[in-house]
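Undergrad: Here the sequence shown is numbered in my numbering, starting from 1 and rising by one per residue.
Simulated from the structure, these hints should not be mistaken for lab results.
In this text, all values refer to a predicted model and were calculated from it rather than measured experimentally.
Glycine included, C-beta positions come from ideal geometry on N, C-alpha and C.
Mixed in with the good hints there might be a few duds.
Stated by the list, open to error - Calculated lysine to aspartate or glutamate pairs in the EDC-like style (CA-CA distance at most 16 Å, straight line): (1) K30 to E49; (2) K41 to D24; (3) K3 to E20; (4) K41 to E20; (5) K30 to E20.
Claimed, not checked - Pair ranges (Cβ atoms, derived): (6) F48 to V19: 16 to 22 Å; (7) L13 to E52: 34 to 40 Å; (8) K30 to E51: 18 to 24 Å; (9) K3 to E52: 30 to 36 Å; (10) E52 to M14: 33 to 39 Å; (11) T42 to R17: 15 to 21 Å; (12) V19 to E51: 25 to 31 Å; (13) M21 to E51: 20 to 26 Å; (14) E51 to K3: 27 to 33 Å; (15) V19 to I45: 17 to 23 Å.
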Amino acid sequence: MRKVTGVKVKELLMWVRLVEMYIDDPNSGKVTFSSAAGLSKTFPISAFELEEKDQKEQK
Numbered sequence: 001m002r003k004v005t006g007v008k009v010k011e012l013l014m015w016v017r018l019v020e021m022y023i024d025d026p027n028s029g030k031v032t033f034s035s036a037a038g039l040s041k042t043f044p045i046s047a048f049e050l051e052e053k054d055q056k057e058q059k
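Make the full structure from the sequences, and use the hints.
TA: Structure follows, in structure tokens:
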């Protein structure tokens, strides 16, 4: 996704607007978020996966 609007993150005690989120290599299992200021951070895709309905019902 390029030119993302309305999304901010707190980085170094400052709120920074995100402009991109992308997955370079789907096999890596990582998503990268970038700001207009040149800051970027990579997270595992598993951190953004939703739980299955069956798992919620069992809890």
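Undergrad: Indicate, hint by hint, whether the structure satisfies it.
TA: Hint by hint, here is what the structure shows:
Taken as a hint, the K30 and E49 pair is honoured in the structure, with Cα atoms around 12 Å apart against an allowance of 16 Å. Our distance criterion of 16 Å between C-alpha atoms is met by K41 and D24, whose separation comes to about 13 Å. For a cut-off of 16 Å, the pair hint linking K3 to E20 stands: about 6 Å separates their Cα positions. In summary, the hint linking K41 to E20 is supported, as the alpha carbons are separated by about 11 Å, within the 16 Å threshold.
Distance hint between K30 and E20 is fulfilled; the C-alpha atoms sit about 14 Å from each other, no more than 16 Å. One distance hint, 16 to 22 Å for the beta-carbon pair F48 and V19, holds here, with the actual separation near 18 Å. Against the hinted window of 34 to 40 Å, the Cβ-Cβ separation of L13 and E52 comes to about 37 Å, which satisfies the hint. Range check, K30 to E51: about 20 Å between beta-carbon atoms, so the 18 to 24 Å window is met.
At roughly 32 Å, the beta carbons of K3 and E52 sit within the given window of 30 to 36 Å. Evaluation of the 33 to 39 Å hint for E52 and M14 yields a pass: the beta carbon distance comes to about 36 Å. Between T42 and R17 the beta carbon distance is about 18 Å. The supplied range of 15 to 21 Å therefore holds. Between V19 and E51 the CB atoms are about 29 Å apart, so this pair conforms to the stated range of 25 to 31 Å.
The hint said 20 to 26 Å for the Cβ distance between M21 and E51, and at roughly 21 Å that hint holds. Checking the proposed 27 to 33 Å range against E51 and K3 shows it holds: the Cβ atoms sit about 30 Å from each other. The supplied range of 17 to 23 Å is met by V19 and I45, whose beta-carbon atoms lie about 20 Å from each other.
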